[in-house]
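K.L.:
Plus 73 on top of the position in the sequence shown (first one is 1) and you've got this note's numbering.
Hints are supplied without guarantee of correctness; some may be wrong.
To be verified - Heads up, simulated SDA-like pairs for lysine to any residue below, C-alpha to C-alpha not over 25 Å straight-line: (1) Lys-797 <-> Asn-758; (2) Lys-138 <-> Asp-119; (3) Lys-241 <-> Pro-218; (4) Lys-726 <-> Arg-712; (5) Lys-489 <-> Asp-539; (6) Lys-722 <-> Asn-758; (7) Lys-576 <-> Arg-602; (8) Lys-726 <-> Ile-945; (9) Lys-1006 <-> Gln-1043; (10) Lys-795 <-> Leu-844; (11) Lys-674 <-> Leu-696; (12) Lys-197 <-> Gly-211; (13) Lys-674 <-> Asp-654; (14) Lys-198 <-> Leu-121; (15) Lys-238 <-> Lys-256; (16) Lys-658 <-> Asn-946; (17) Lys-899 <-> Arg-865; (18) Lys-658 <-> Gln-587; (19) Lys-241 <-> Ser-285; (20) Lys-475 <-> Lys-576; (21) Lys-658 <-> Ser-460; (22) Lys-138 <-> Lys-197; (23) Lys-1006 <-> Glu-1080; (24) Lys-489 <-> Leu-844; (25) Lys-241 <-> Gly-211; (26) Lys-489 <-> Glu-1064; (27) Lys-475 <-> Ala-527; (28) Lys-1057 <-> Gln-1078.
Said to hold, decoys possible - Beta-carbon label-pair distances, calculated as ranges: (29) Ser-984 <-> Ser-822: 19 to 27 Å; (30) Leu-471 <-> Arg-971: 46 to 54 Å; (31) Ser-110 <-> Asp-252: 31 to 39 Å; (32) Asp-308 <-> Leu-121: 28 to 36 Å; (33) Gln-378 <-> Gly-582: 46 to 54 Å; (34) Lys-795 <-> Ser-747: 25 to 33 Å; (35) Ser-915 <-> Val-872: 31 to 39 Å; (36) Gly-582 <-> Pro-540: 20 to 28 Å; (37) Gly-287 <-> Ser-110: 48 to 56 Å.
Hint data in this document are derived by calculation from the structure and do not stem from the laboratory.
Where is the CB? At the ideal position from N, CA and C, for every residue including glycine.
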Amino acid sequence: MRIYQSAFVFFLVLLLRAQVSIAQEAIGINPVESPLSTALSVFQQDRLGEACPVFREWREQLRNKPEMHLGHDEQAVVYHALLCGLRQAESQAAQDALHFIAGSPLRVYQDRLHGALADYFFRKKQWSACLDHYRQAGIAHFTNPEIAAAQFKQGYAHFVLAQFKEAKTFFNSVRSLADGVHKADATYYYALLLFKERSWGEAQLQLQLLESDGVYGSYVPYYIAQILLARGEVDEAISYVLNRQKQSPAPYHQKELKQLLGQAYFLQEDYGRALTQLSAYAAESDSLSRQDNYQIAYSLYQTGQWSLAAQRFRELSAQSDSLGQHAMFLLGDTYLKQGDYGGARSAFLFCVRNSTNATQREASRFLHAKLSYQLGFFDEALVGLKSFLSTYGNSVYLAEAKELQLAVLAATSNYKEALGLLDQLIVPSEPTRRIFAPVLYGRAAELINDGDYAAADLLLDRALNDPYNQSILPYLFFWKGELAFRSQRYQDAVDFLLQYLQKGAPTLGEIRPQHARYSLAYAYLRLARYEQSLPLFQSVAGKVESNAGALVQDAVIREADCLLMLKRYGQAAAAYQRVVDYSWKEADYALYQLAIVAGIKNPEEKIRLLRLFEQSYPGSPLLTASWMALADTYMEDERFTAAKPFLEKIIAKEKSTQLLPQAFFKLGIAHYNSDDNAAAREQFNYILDHFPNSEEAGDALDNLKAIYLEEGRSAAFIEFVKEKGLSLSATAEDSLRFSAAEQLYNNKSFGEASQALQAYLSQVDRPAFALDAYAMLAAIAQQNNEYDLALRFYDSVLVVAPNRYAEEAALQAARISYFEQRTYDKALLYYEKLYALTGLASSKLESLRGLLRACYQLDQIDQSAAWGALLINMKGVNADDKALVALVIAKQYTRQGREEEAQLNLRQVISLNKASLAAEARYELACSQLRQKKYAAAEKSAFETINKSGSFEVWVTRAYLLLGDIYFAQADYFNAKATYQSVKENANAEEFIKIAAEKVAMVEQAEAEKVKPPKK
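Whole structure, please, built from the sequences with the hints as guidance.
P.N.:
Take a look at the structure:
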C-alpha cells in the first residue's frame, strides 16, 4: 500500500542524512576504512542490498566490544547495521536495537532507533509496541516530514486499536498540514471517524475533498451515499450513487453500493427496485445480515411473491429481537395470504413469545387465538382468548375477541360460559348475532337435561325472540311444548307442539315427530279434548305388534282411554283387551280399565274382572285401586258387607296417606249402613285422630254428628267435639277475613295477599283456613324467589300431612332445596316425604328422580342405586334417568374394582346424555383407563372431556389435572408440569389452584430426584 512504503523510505533517508557527517569524518581520519563511506553512500540511495552486508560485516568485528567502549565511528557502524536489520525485518533486529539503545551514550541514536523500532512494529502490526516506541522517540531529532509520517502512523495504530479519540487527534494534525505524503491518508481516516461519530456534515466535507484523489476517490462514494441516506436525503443518495456509477473509474464498493441503493429504494417504498438491487447484492455475497434478509423478505412480501417472502422471513426466526418479531408477524400474514393457516398460527405464536414490540405482540396473541379457533384447536383458542381479554381490556380487538370467545364456547358446547359472555356484548357483529339463538338453545337443553325447567324455559323464550333463530326454530317450539307439558300448562304445550309439527318436524336427538305427537296427544288428553287426542295416539301407535316398544304400548293404552272417555265402549274394550292379550307392561292397568268399561253395563262382569285382576297381578301397584273399585261396586249395589273385606285389605296394605283416609271413611260408611254404629264411629274417629287435615275429615265429622243425633245423644256429640278441640264451623270473622285474602290471591295481587294472609294467621284465633293460607303464602314466597320463607310455609303444610296441599308442598320444597339452594340433604327428606304421600304416577316418578339425584349428590351411591332400580321400571322414565342410573352403577363397579363393567356403563351414559352427566362420565372413563395404565386411551378421554363438555368447568378443570397425572405416570415431567402450571394459573376455583400447585411441586421434586447424581 502506498501509504506505508513511501513514508518508511522517506523516514530512513532522513535518518541516514543525519549520519553522513559522522561517517565522512571517520573515513577521513582512517583512509583504510573507505568501504564504510561507500556503504553510507549506498545506504543513502536506499540500496540496502549493497549497503547492509557491509554494515553487518563491520558490526560482526565489533560484536564482542561493549557499546560504552565504542568510538563514534564504531557506534555509527553498529547504528546503521541495526537500521538495516530493522528495515529488513530480521528476527533479532528489535532485540539488538533495544540492547544498543540501553548502552549507547548518544541521545540521537536512541531516539532515532526508537523511531525505527516504531516503524518496525508498525509493519509487524504490533500496534501497542509501535505506539510505545513513538512515545519514547520524541520529536527533537526528527524533521517535520518525519514527524508528520510518525503522527499518521500513530493515528493509524490507535485507529486499529479502536482508540478513536487519540486516532482522531493525530489524523486531524496530519490532514491540517499544507501538504505532505500522508495528507490524503489522514483526511480519509479522519473522515471515517467523523462518519463513525455521525458528524454527517463535516464527514461529508472531508470525503468530498478526496473525490478526485487517485487512491481514495473510488472509496468515498460509498460513504458519502451513506451519509446522504443517514441524513434522510434519500433522493439525493440515489441520484449521487447512480451518477458516480456512470463515472470512470467506477466506485470501489460496487456490491455495497447495490445494497445501499436497495436500502434507499426500500425507504422510498419502491419495493420492486429495492428488490432488484438487494437481490443483486445478495447474489454477490457469501452471507447476508439479518437486516438485509428482512428487507429482501419485505420487498418480496410487498411485491406479492409470498412463497419467496415466507422463505426469507423464516430465516429470521432464530433471535427474539425486534427484527425477529417483525419478521414473524409478517410471516404470519404471508401465510394467511397463501391460505396456510397452520403456518400462520405457528408464526404468530413465535411473535407472541417475543415481547419486544408490544403492539405486534398484542395483535399476534389475538390472531393466534383466532387461528386456533378456525383450525379446531378450541382449547388453545379459549385459553388464548381469555388471557388476551384479561390482559388487553382496551384493545382494538376487544369486541372481536369477545365474539370469537363466544364462538369457541359455542363450538365446544360450553353454553353456560357462552351465555354469560353473550350478555356482555354491546354491539355484536352480524355473524355473532347469528349464534345467539344456538347458544341460548344449547344452554336451555343442558338445563333441561339437569331438570331445571324454569331456567330453561326463560332461555327458550329469549331464543324465540331472536331474529336469527330460523335454523333452530322448530327445536325451540318442541322444547317449549315439552316444558309446558311438564309444567302442566297443557294449552301452551298444544300451541308450541303444533308449531313444531307445522315447521316440518325435523329430528335432532330426542326431538322427533313421534315424540311431539305423543306429547301433543297427552296435552289434549289432559285438556279433556279426546277427539283431538285420539288420532294423535293412533298415529304414534301405528301398526301395532306384540313386540312393540314402550312408547307404542303406552299410545295404545291412551288410545283406549280416549275411546272410553268418548263413550266408544266397544272400541275401548277391544283396545284394552289387546294389551292384556299381548301381556304388555301395563296389562294390569288394561285389565283394570276393562273391568271399569264392563261395569258400565254389567256390574257383575266388573266384579269378575276385578277379582281376576287380584289373581293375575297380585304385585300390581293398582291392586289397592282394584280393591277400592270392588268395594265401590259392592257399596253402589248396597252390598256393604261384601265391600268391607276389600276396604280392610286396603287399610292393612296401603301406605299412601292419600288413599288411607278414603278407605277408613268408606269402611265407616259400610259399617253405618250395616247398622254397626259403634264400628262406624271407630272409623270416623280414627280419621279425625290420624288424618285431621284430610278432605275426608270434614265428612267424617258430619257422619259422626248424624250417628250421635240418630242415637239421641247430641250433648255427647258436643262434648266429643270439645274434647277433640274441633270447631263445628268457622266463625263469620274467620271466614270473612280469609275470603278477603283469598280474593287478593286469586286476583294476582300477591304482595297485598301475602300481608292479608299473614295478618289472618296471626290475628284470628285458631284459624279454620290456616292450611289454605300456608299453601298460598308458600306459593307467593317461591314466586318471589324468597326460598327460605317458602320452605318455612311449606313445612307448615307438611307438618299436618296428609292433607290436600301436602303432596304439592313436598314437591315444591324438594325442588327449591335441590335446584335453587342445592341443599341435597334437605331435598332428600322432601323427596322421601313426597314418595310416601303421593299416589299419582307423575309425582311418584319425580320423587324417585329426586331421590336418585339427591343420594348421588350426597355420594350415597348404594342408596342411589336402590332408588334407581325402582325408577328404571317406572313408566315415563327418560334418557337422563337412564344415564344417571348407569353412572351410579358405574361408580358401584369402580368401587368394586370392576373397571371393564364400569367403563361399559360410562359409555352408556355418554351415549344417553349431552350435559353434565356426560361430562362426568367422560372424566370417570379417563380415570378408569388411567387406573388400568391405558395411557393413550386415558389421554384421549380426558381431551374429549375438555373439548366436548366445555360448559362444565369443574369437569374440564379436573380433566386437565388428570392429563397431568397421565403424563406424570409416564415420567413425562415436562408436559405434566406444563399442564399443572396451566391449571394453577387459569383455574377459577381456589380448590383446584391449590391442588395444581401441590402437583407442580410434586413434579419438581421428581425432576430433582431424576437428575440427582448416584451415590458412590
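K.L.:
State for each hint whether it applies.
P.N.:
Hints and how they fare:
With a C-alpha separation of about 10 Å, the suggested pair Lys-797 and Asn-758 falls inside the 25 Å cut-off, and the hint holds. As the CA atoms of Lys-138 and Asp-119 are separated by approximately 28 Å, the hinted pair breaks the 25 Å bound. A C-alpha spacing of about 19 Å is found between Lys-241 and Pro-218, which places the hinted pair at or below 25 Å, so the restraint holds. At most 25 Å may separate the alpha-carbon atoms for a hinted pair to count; Lys-726 and Arg-712 meet this at roughly 22 Å.
Our distance criterion of 25 Å between C-alpha atoms is met by Lys-489 and Asp-539, whose separation comes to about 18 Å. A threshold of 25 Å between alpha carbons decides the hint, and for Lys-722 with Asn-758 the separation of about 19 Å falls inside it, so the pair holds. Of the supplied pair hints, the one linking Lys-576 and Arg-602 holds, its CA atoms being roughly 23 Å apart against a limit of 25 Å. Between the alpha carbons of Lys-726 and Ile-945 the distance comes to roughly 24 Å, so the proposed pair stays at or under 25 Å and holds.
Taking the CA atoms of Lys-1006 and Gln-1043, the gap is about 9 Å. The hint holds against a cut of 25 Å. Distance hint between Lys-795 and Leu-844 is fulfilled; the C-alpha atoms sit about 21 Å from each other, no more than 25 Å. Straight-line distance between C-alpha atoms of Lys-674 and Leu-696 comes to about 23 Å, which keeps the hinted pair within the 25 Å bound. The suggested pairing of Lys-197 with Gly-211 holds, with an alpha-carbon distance near 21 Å, which does not exceed 25 Å.
Distance check on the hinted pair: Lys-674 and Asp-654 sit about 22 Å apart at the alpha-carbon level, within 25 Å; holds. Distance check on the hinted pair: Lys-198 and Leu-121 sit about 23 Å apart at the alpha-carbon level, within 25 Å; holds. Distance restraint check for Lys-238 and Lys-256: the Cα-Cα separation of roughly 19 Å lies within the 25 Å cut-off, and the hinted pair is therefore satisfied. Note on Lys-658 and Asn-946: the hinted pairing holds, with a Cα-Cα distance of about 10 Å set against a maximum of 25 Å.
Between Lys-899 and Arg-865 the CA atoms are separated by roughly 13 Å; this keeps the pair inside 25 Å, and the hint holds. Restraint check for Lys-658 and Gln-587: satisfied, since their Cα atoms lie roughly 20 Å apart, inside the 25 Å limit. A hinted pair counts as satisfied when its Cα atoms are at most 25 Å apart, and Lys-241 with Ser-285 qualifies at roughly 23 Å. Distance check on the hinted pair: Lys-475 and Lys-576 sit about 33 Å apart at the alpha-carbon level, beyond 25 Å; violated.
With a CA separation close to 57 Å, the supplied pair Lys-658 and Ser-460 exceeds the 25 Å bound. Proximity of Lys-138 to Lys-197 is assessed by CA-CA distance (about 30 Å); at most 25 Å being required, the pair is judged violated. Pair hint Lys-1006 plus Glu-1080 holds up; C-alpha atoms about 21 Å apart against a cutoff of 25 Å. Taking the CA atoms of Lys-489 and Leu-844, the gap is near 40 Å; set against the 25 Å cutoff, the hint is violated.
For the hint pairing Lys-241 with Gly-211, the CA-to-CA distance comes to about 20 Å; that is within 25 Å, so the pair holds. For the given pair, Lys-489 sits about 21 Å from Glu-1064 by alpha-carbon distance, which is consistent with the 25 Å threshold. Distance check on the hinted pair: Lys-475 and Ala-527 sit about 28 Å apart at the alpha-carbon level, beyond 25 Å; violated. Annotation: proposed proximity of Lys-1057 to Gln-1078 holds, straight-line Cα distance about 17 Å (limit 25 Å).
Take Ser-984 and Ser-822: their Cβ atoms lie about 50 Å apart, and the range 19 to 27 Å is violated. Roughly 52 Å separates the CB atoms of Leu-471 and Arg-971, a value that falls within the hinted 46 to 54 Å. For Ser-110 and Asp-252, the hinted distance range of 31 to 39 Å is satisfied, since their beta carbons lie about 34 Å from each other. The beta-carbon spacing between Asp-308 and Leu-121, approximately 55 Å, falls outside the hinted interval of 28 to 36 Å.
Here the CB-CB span from Gln-378 to Gly-582 is close to 51 Å, well matched to the stated 46 to 54 Å. Separation of Lys-795 from Ser-747 is about 29 Å and conforms to the stated range, judged on CB atoms against 25 to 33 Å. The hinted window of 31 to 39 Å between Ser-915 and Val-872 is violated, with their beta carbons roughly 25 Å apart. At roughly 25 Å, the beta-carbon separation of Gly-582 and Pro-540 lies within the given 20 to 28 Å, and the hint holds.
Range check, Gly-287 to Ser-110: Cβ separation about 39 Å, and the 48 to 56 Å hint is violated.
Checked against the numbered hints given earlier, the structure breaks hints 2, 20, 21, 22, 24, 27, 29, 32, 35 and 37 and satisfies all the rest.
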